[in-house]
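A.B. asks: Sequence:
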Amino acid sequence: MAAEVQLVIFQVGNRVMALALEEVEHILQLGGGREAEGGISVDGGVILFRDEAVPWRPLWEPLAAPSIYREFDELAQTLPQRRQDHIDWMAALEHSLVNDQPFAKARSPYECAFGKWFYAFRSQDRRLALLLSQFEYPHARIHGLADRLLARAEAGERAAALAEFHSEKESTLAQLLSLFDQVLVMLPTLKRPVALILNQGGQRLALGVDRVLDICAVGAEEVRPARGSLGPLSPRGFVARHREEGEGERQGQSSPGGRRDQGDAAPGHKAHDQGSSHGDGALIPLLGAAQLAALS
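Its first residue numbered -5, the sequence shown is counted upward by one per residue in my numbering.
If you're looking for bench data, these hints aren't it; they were derived computationally from the structure.
Do not rely on the hints blindly, as some may be mistaken.
[To be verified] Simulated pairs of lysine-lysine, DSS-like, Cα-Cα distance not exceeding 30 Å:
| no. | residue 1 | residue 2 |
| --- | --- | --- |
| 1 | Lys110 | Lys185 |
| 2 | Lys163 | Lys99 |
| 3 | Lys99 | Lys110 |
| 4 | Lys163 | Lys110 |
For clarity, every value in this text was computed on a predicted model and none was experimentally measured.
Could you build all of it, start to finish, from the sequences and the hints given here?
C.D. replies: Right under this line is the structure:
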C-alpha cells in the first residue's frame, strides 16, 4: 500500500494551500469571542496561548491576499455613519415640516449612501445576510415619509403630518437604528480567523490564516512535482484533491502531539485562486512550514 501524507488544507484570502499535518502542532480558532473563553489573545505581535507568548505572523499581507473577513472590518467603519445619516435625515424632514422649508435629502431608498451600498452588497456570510435582509422594509418606509408627509403639510394638514412623523420616528426609525446596532454587535463575532501553531525545534510560531478547510490524507503518489513558484513561495509539490459530495470542513481532529481547537468556519465563503483553488480537480500547493515562517 502506498504511503499516505496527512495534510492541513487552509485558506488565506482567495488562496488555498496545504501543510503537512506533522508540521502543525495546534490549530486554534480565534475570533467570535473565543479568545476570552480559551485564554487566547493576540496583542503586540504575539499570541498568548496557555500563558506562553508565541510570535504571531499573519499571512494576509505577505501573501497579498486580503482576508475573507475584510468586509466585516469595512462595515464596522462605515455603518455608524450610515446610522447617523438616517438620524440626520429625519431631523431634516422634521425641520422642513415645522418651518415649511424645502427638503433636499434623498427621497428614494436607493439614492442615499446606505441604499446605494445596501442594494449592491452581497454578503457571503449567511448570518449577516439574514440580518441585513431585515433592513429593507423600515429603510424604504423611512424614505417614503418625505413625499407623503410633505404633501400632507402642503395640503394644510401640517399638525397631522407632524404627528405621523413623531409616530414613525418612535417606531420605524427606532427599528432601523436597532438593526444597525445589531449588525455592529454581530460583526466582531463573525470574524473567526485561525492560528496554525508551528513548533520548529522547540520554537513556536503562530501563522494567521482565514480558516482551515480540511484535515485529510492523500496517497504519496497524489503529490505532484512542484512546477515553478507562487510569488514568494516555492511549493514542495501540488496535490489534486477531489472532495466527495456533501463533504464539509473537518472538525475535531488532532495534530501530532497536540489538539485541534477548530470551530465552524464562516459559511458561504468560496476560495478562488488560479492554480490553487479548493474544489474538484484543483491543484493545491503543498508548502513547508519553514518557508511560511520566513515570510514577513
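A.B. asks: Check the hint pairing Lys110 with Lys185 against an upper bound of 30 Å on the C-alpha distance.
C.D. replies: At roughly 25 Å apart (the allowed maximum being 30 Å), Lys185 and Lys110 satisfy the hint.
A.B. asks: Given the hint that Lys99 pairs with Lys110, does the C-alpha gap stay at or below 30 Å?
C.D. replies: Given that 30 Å is the threshold and the Cα spacing comes to 14 Å, the pair holds.
A.B. asks: Next pair to validate is Lys163 with Lys110; report whether the Cα-Cα distance is within 30 Å.
C.D. replies: Holds, at roughly 22 Å.
A.B. asks: Given the hint that Lys163 pairs with Lys99, test it: the Cα-Cα distance must not exceed 30 Å.
C.D. replies: With a Cα-Cα distance of about 17 Å, the restraint between Lys163 and Lys99 holds, given a limit of 30 Å.
Taken one by one, the earlier hints all hold for this structure without exception.
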